[in-house]
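Start from the sequences, fold in the hints, and give me the full structure.
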Amino acid sequence: MLKCLKTLSWLAVVLLLCQHAQLLADIEKGEQLYRQCQGCHSIGPDAPNGFGPQLNGVFERDAGSVAGYDYSPAFEKTVGQGLRWNNTSMDEFLEAPMDSIRGTRMAFPGVKNADDRKELIEYLKHIGLDGELPLTKKVKAIRKKAQAKISPLPAETLIPQHGVLHLGRAALDEEILAWDIDIRPDGAGLPEGSGSVVDGTELYDNACAACHGIFGEGSGRWPVLAGGQGTLTEERPEKTIGSYWPYLSTVFDYVRRAMPFGNARSLSDDDVYAITAYLLFLNDLVEEDFVLSSENFNSVRLPNEANFIADNRQQEMPAADAAEPCMSNCLPQPARVTQRARILDVTPDSNDDESDTVAIE
Amino acid sequence: MDGGKVSEKTANHKTVNRDNGGHNSQTPHSAGVSRRKLVKSALTLGISGAAGLTGLKAAAQPDRQPDPLITDIQDWNRYLGDGVDARPYGHPSPFEKNIVRRDVAWLTADSKSSVNFTPLHALDGIITPNGLCFERHHGGIAEIDPASHRLMINGLVDTPLVFTMEDILRFPRENRMYFLECAANTGMEWRGAQLNGCQYTHGMIHNVMYTGVPLKYLLAEAGVKTSGKWLLPEGADPSHMTRSIPLEKGLEDCLVAFKMNGEALRPEQGYPMRLVVPGWEGTMWVKWLRRIEVGDKPWHQREETSKYTDLLEDGTARRFTWEMDVKSVITNPSPQAPITHGRGQMVATGLAWSGHGKIKRVDVSVDGGRNWQHARLDGPSYSKSVHRFYYDFAWDGHPMMLQSRAIDEFGRVQPTKDQLRAARGVNSIYHNNSIQTWLVGKDGSIENVEVS
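Just so you know, the protein sequences line up as chains A and W, in that order. No gaps in the numbering here: position 286 of the first sequence is 302 in the working numbering, and each next residue is one more. No gaps in the numbering here: position 382 of the second sequence is 1206 in the working numbering, and each next residue is one more.
Check before you lean on any hint, since a few could be wrong.
To be verified - Chain W is faced by these chain A residues, among others (derived, beta-carbon under 10 Å):
no.: 1; residue: Asp189
no.: 2; residue: Thr249
no.: 3; residue: Glu251
no.: 4; residue: Arg356
Rather than coming from a laboratory, the hints here were simulated on the basis of the structure. Note that the Cβ used here is the ideal one computed from N, Cα and C, for glycine as well.
Right under this line is the structure:
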């Protein structure tokens, strides 16, 4: 046994000798659950800090101790008062981070299910300071073996009637319902439901404000969602839902399909109605007592709708004039340099100067 | 080195024979003479005077030592290398370790909704190696077991269908070569020269041989209703990427691809399957493709309203700007690949492409667009694929303003930066296909500049 302990790591002993399959299953589930944290945190060799600190070996290191990460004053204060990470403190924190540490920057509603928290904690505990999950390969191989079932031959060998080559199978209504979540400007695809600006305020503050700012002004380089009206012809236009987007349906559709970043499809339909109503409010398009619903959705228009035009690039001068281009003496005098990239100095590997640069979107 | 030593060497038969600079006029034996003749005839064969001059200078240097890389036995000449079991999946030489995709951290808030760039300056030919194809995703790389992947077709069809990967592999396949360019490629340059490197200014493009099933076969299986006019492909990643595509395009040349350059798609390129939308902006080539809906109107999704619409100077914005216009760039030399050999014979090479079809011609200018020469197109010429061009010339050692200008088979000419700005302003972000200028200094260093 002693020899075994030497040759196998602790987890392998647990795994192979003690048959502690439950723990393994928890770690695995925890790894899945951790995905909702990935929008802000990273784990892995050389994991960088993101919006939140990297979480390598978070149980082994002291709370609030990642070098180069700027913790909120509230978090620093709690650490000063003796916060250490253990099963209990982590469980309490993850259940409702913003209640547990008032003023924390971790604007995340929390993991409400106690089993989920337990599994997440098991996973976080086993991540080493090097960002590796010990023996993941072995664990995965064993899991694969356990899962490998011989798939039975299809009972019916009847060739389906549809189509030309008769490949694929008919989709079930439940399957279409699960995936077909797109919404069109005419309201096609909208689910039943409703939500108020008031409800949206709380939802937004909890799930969105960390990145998009309390007023939709965007924190750091995260997208701006509100304001910017009247700036489209200015030197630095600010393109937001209120200033640029043509249709409200896009807001509902996009928030439902992709937000919050790192935890997509986690909002209920009523939540999305409420948040959409709140985003209208942040853009000064509705009053505080507004309630958005499947009934009144089509009556809301965004101000910039009329300013979108069809692609007419081919009528532009350079494209339209497909004459033979000039080959010699095309400029009246020798060309001279009018701008140099070196002056800006924003190319990676050179100095980190972010001033006056145009970002892609 | 003193002259005495040199003449001692020249007198030594063996040394002279090994010496690459054997056309030394002091060499007495006949082999030396014939080499001298060779050099002479090379000169008369039209290699420029500048190259000849450099050659003569070297010949006149009296103190040349034999190259130890030739005279000494090197480790790799003697000791055995790795066996066939060492590299089950091959990788580039360690000496190529700097040739990688690179990102520009300040462009976006987060690396999981971001972009990196193909190292165009170091590549040749027309195929982009799979591991160097630039990446753009909106929710990180989805890692999908093909056995857990499904493709659904629903909407205005006779029979909504679900396909497994296995089903897809039972359809007739085709192989086609296409470029994929992000609409925001060169988007950082609208206001002026900004990034110093072809990788950064033009690296949101790759060119790949796809193996896939023509989309029309999949649609025929479900049976598109006559009211069907638009398609909405959707990805399985956390952004659930969607774009509206007219049905005609889907029937014309779109593919559902599962192989790139012969091997499975890379996860970052949409493994196990992606949509290929030839000639059209990269964001429409939905990766991790899991669903295609047929409808009668476009959906106006986030990536075709908030993004990928082109704001013009008067505050209006173009939408559904799908085609990638005719464009080219000199990839080498360029800021990351300066000229290190001095004046004389050299190769300038680059890529040209058009989302409308084939490239007919590429012109190159060394004086900032005042005078132009035809470049040489080489390699296969496919519609909506990149074309490789070369301009072979002798550099006189003076500063140059290198430009390339592509013309496609329909006579569309790549515009200048000023022409494009005059037509659109500087806030369009997307579809910047203007002519690029590289300023070459006397020392061979190169900078991204604008000229007029």
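Each hint tested on the structure:
Because the beta carbon of Asp189 (chain A) sits about 9 Å from the nearest beta carbon in chain W, less than 10 Å, this interface hint is met. At a threshold of 10 Å, the smallest CB-CB gap from Thr249 (chain A) to chain W is about 4 Å, leaving the interface hint in force. The restraint placing Glu251 (chain A) at the interface with chain W holds, with a minimum CB-CB distance near 8 Å, inside the 10 Å limit. For Arg356 (chain A), the interface hint holds, the least distance from its beta-carbon to any beta-carbon of chain W being 5 Å, beneath 10 Å.
Against the hints set out earlier in the document, no violation occurs for any number.
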